[in-house]
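S.K.: Here the sequence shown is numbered in this note's numbering, starting from 4 and rising by one per residue.
Just so you know, not all the hints are guaranteed correct.
Label-pair ranges, simulated between beta-carbon atoms [what the hints assert, rightly or not]: (1) Ile347 / Val57: 26 to 34 Å; (2) Val127 / Glu192: 19 to 27 Å; (3) Ala265 / Glu135: 37 to 45 Å; (4) Thr107 / Leu67: 25 to 33 Å; (5) Leu67 / Ala25: 14 to 22 Å; (6) Gly53 / Arg280: 26 to 34 Å; (7) Val127 / Ser73: 33 to 41 Å; (8) Gly238 / Ser267: 30 to 38 Å; (9) Ala325 / Val127: 54 to 62 Å; (10) Gly360 / Ala265: 20 to 28 Å.
Simulated from the structure, these hints should not be mistaken for lab results.
Even for Gly, the Cβ is constructed at its ideal location relative to N, Cα and C.
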Amino acid sequence: MTPHTPVGRPLRPRGKLLQEDARRHHRSLLLQQLFRDGPASRADLARASGLTRVTVSDLVGEMLAEGFVSELGAPAESRVGKPPTLVGLAADSHHIVALDLSETDRMSGAVVNLAGTPQARHVVHVDGAEGEQAVQLVLQLATELMAMTDRPVLGIGVGSPGVVDTAGTVIDAPNLAWTDTPLAARLAEALEVPVFVANDANTAVLGEHTFGESGDGGLMVLRVGTGVGAGFVLGGSLLHGHLGAAGEIGHVVVDPDGERCACSRTGCLETVLSAPRLRRRIGEPGVDGPAVLAEVGGLLGEVLAPIVAALNLHEIVLSGPAELLDGPLLDAADHTIRERTMPISSTGLGVRTSKLGEDVVVVGAAVLVLAGELGVS
4 MTPHTPVGRP
14 LRPRGKLLQE
24 DARRHHRSLL
34 LQQLFRDGPA
44 SRADLARASG
54 LTRVTVSDLV
64 GEMLAEGFVS
74 ELGAPAESRV
84 GKPPTLVGLA
94 ADSHHIVALD
104 LSETDRMSGA
114 VVNLAGTPQA
124 RHVVHVDGAE
134 GEQAVQLVLQ
144 LATELMAMTD
154 RPVLGIGVGS
164 PGVVDTAGTV
174 IDAPNLAWTD
184 TPLAARLAEA
194 LEVPVFVAND
204 ANTAVLGEHT
214 FGESGDGGLM
224 VLRVGTGVGA
234 GFVLGGSLLH
244 GHLGAAGEIG
254 HVVVDPDGER
264 CACSRTGCLE
274 TVLSAPRLRR
284 RIGEPGVDGP
294 AVLAEVGGLL
304 GEVLAPIVAA
314 LNLHEIVLSG
324 PAELLDGPLL
334 DAADHTIRER
344 TMPISSTGLG
354 VRTSKLGEDV
364 VVVGAAVLVL
374 AGELGVS
């Protein structure tokens with residue numbers, strides 16, 4: 004058997020759970036409860052988590068000392084007797100530096116609090132930078148954002164174009180000329196904080212799932228910008244796929260006689276749906292813009308219909324320029340999906356644009372850090 008031969012995927016850790024691992028897990032349970040349901044008493048936390056009151060009290064004391072939670076006093080509807088003291092997540096006790104590298108002309112970022120709210124923003128212009136120059140721009144952006152907060156930085160989250168592995172190495176990002184670029188490791192070494200990097204469509208779906216208005220069930224976020232990609236949350240977990248390339252639907256061929264794509268094939272979905280191509284087409288003299296957008300929406304619906312049928316998704320969210328996506332394109336995609344799938348597949352399916360707007364990747368990058376450092380998302 005070679006060293007790379009898989010021998011199965013364990014469902015549970017093979018060794019004993021170390022005490023420090025158990026403690027971190029228990030902290031995560033409490034933080035998840037506060038993150039999702041709001042302030043609670045220690046007794047409520049014990050009941051919800053299944054932990055003993057002594058353990059909860061000890062962990063809450065630790066988190067109070069670190070500033071992650073704060074005591075909020077008694078609830079307004081306190082019962083007879085000594086009222087319980089509520090504790091809640093201290094959203095501004097720590098900040099996260101979140102970066103969005105998905106645009107070709109600029110890299111943007113924000114200082115985000117633990118509730119996913121941007122506190123400060125910053126942009127650097129790419130000006131054609133590639134390879135190592137582009138890495139240095141990312142480092143510059145992160146450094147300047149870190150200087151914009153006086154709170155402890157919990158970590159840095161990055162939404163990057165291209166295929167990104169679970170260690171934060173960008174396997175391939177043609178627009179930035181990155182191949183096997185260890186972006187997370189480079190930033191962590193230079194800035195001495197935890198760094199998490201994922202594909203920008205994956206960060207977008209995490210942002211929508213955590214801070215958007217998505218409901219229960221399978222969620223797909225289609226990110227439309229310079230390129231086109233999708234992220235999926237299924238059963239509450241991000242779908243990575245084989246080699247981390249799940250969601251690369253921008254390179255599904257929709258027009259074999261169409262334009263040449265950056266991936267070297269002809270007529271990929273990206274060649275008709277990417278924001279620059281759409282703007283160019285509807286900006287041509289004499290072109291009926293709404294008709295073009297409806298045509299492209301129909302093509303998109305044809306691509307999405309088998310995905311909806313296979314996964315029985317609950318929501319499809321389009322993320323990108325609202326003036327391009329919201330209207331004829333969205334309506335045509337929605338209609339085509341329903342026309343090409345069985346009612347059981349599309350009944351209850353929501354097709355909409357993101358309520359997080361341009362912040363969806365930045366907010367999702369913050370979720371990478373929340374999940375990695377605090378175990379909440």
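S.K.: The structure should be examined with respect to each hint, and the outcome stated for every one.
M.R.: Consistency of the hints with the structure:
Checked against the given bound of 26 to 34 Å, the beta carbons of Ile347 and Val57, roughly 50 Å apart, lie outside it. Taken as a hint, the range 19 to 27 Å holds for the pair Val127 and Glu192, whose Cβ atoms sit roughly 20 Å apart. Ala265 and Glu135 have their C-beta atoms about 21 Å apart, which leaves the hinted 37 to 45 Å range violated. Restraint check, Thr107 to Leu67: a C-beta distance of roughly 45 Å breaks the suggested window 25 to 33 Å.
Between Leu67 and Ala25 the beta carbon distance is about 20 Å. The supplied range of 14 to 22 Å therefore holds. Checked against the hint of 26 to 34 Å, the C-beta distance between Gly53 and Arg280 comes to roughly 53 Å, which is inconsistent with it. Roughly 35 Å separates the CB atoms of Val127 and Ser73, a value that falls within the hinted 33 to 41 Å. Hint check: Gly238 to Ser267, Cβ distance near 35 Å, so the stated range 30 to 38 Å holds.
Between Ala325 and Val127 the Cβ separation comes to about 24 Å, which falls outside the hinted range of 54 to 62 Å. In this structure the hint that Gly360 and Ala265 lie 20 to 28 Å apart at CB holds, the actual value being about 26 Å.
Of the hints listed earlier, those the structure fails to meet are numbers 1, 3, 4, 6, 9, in rising order.
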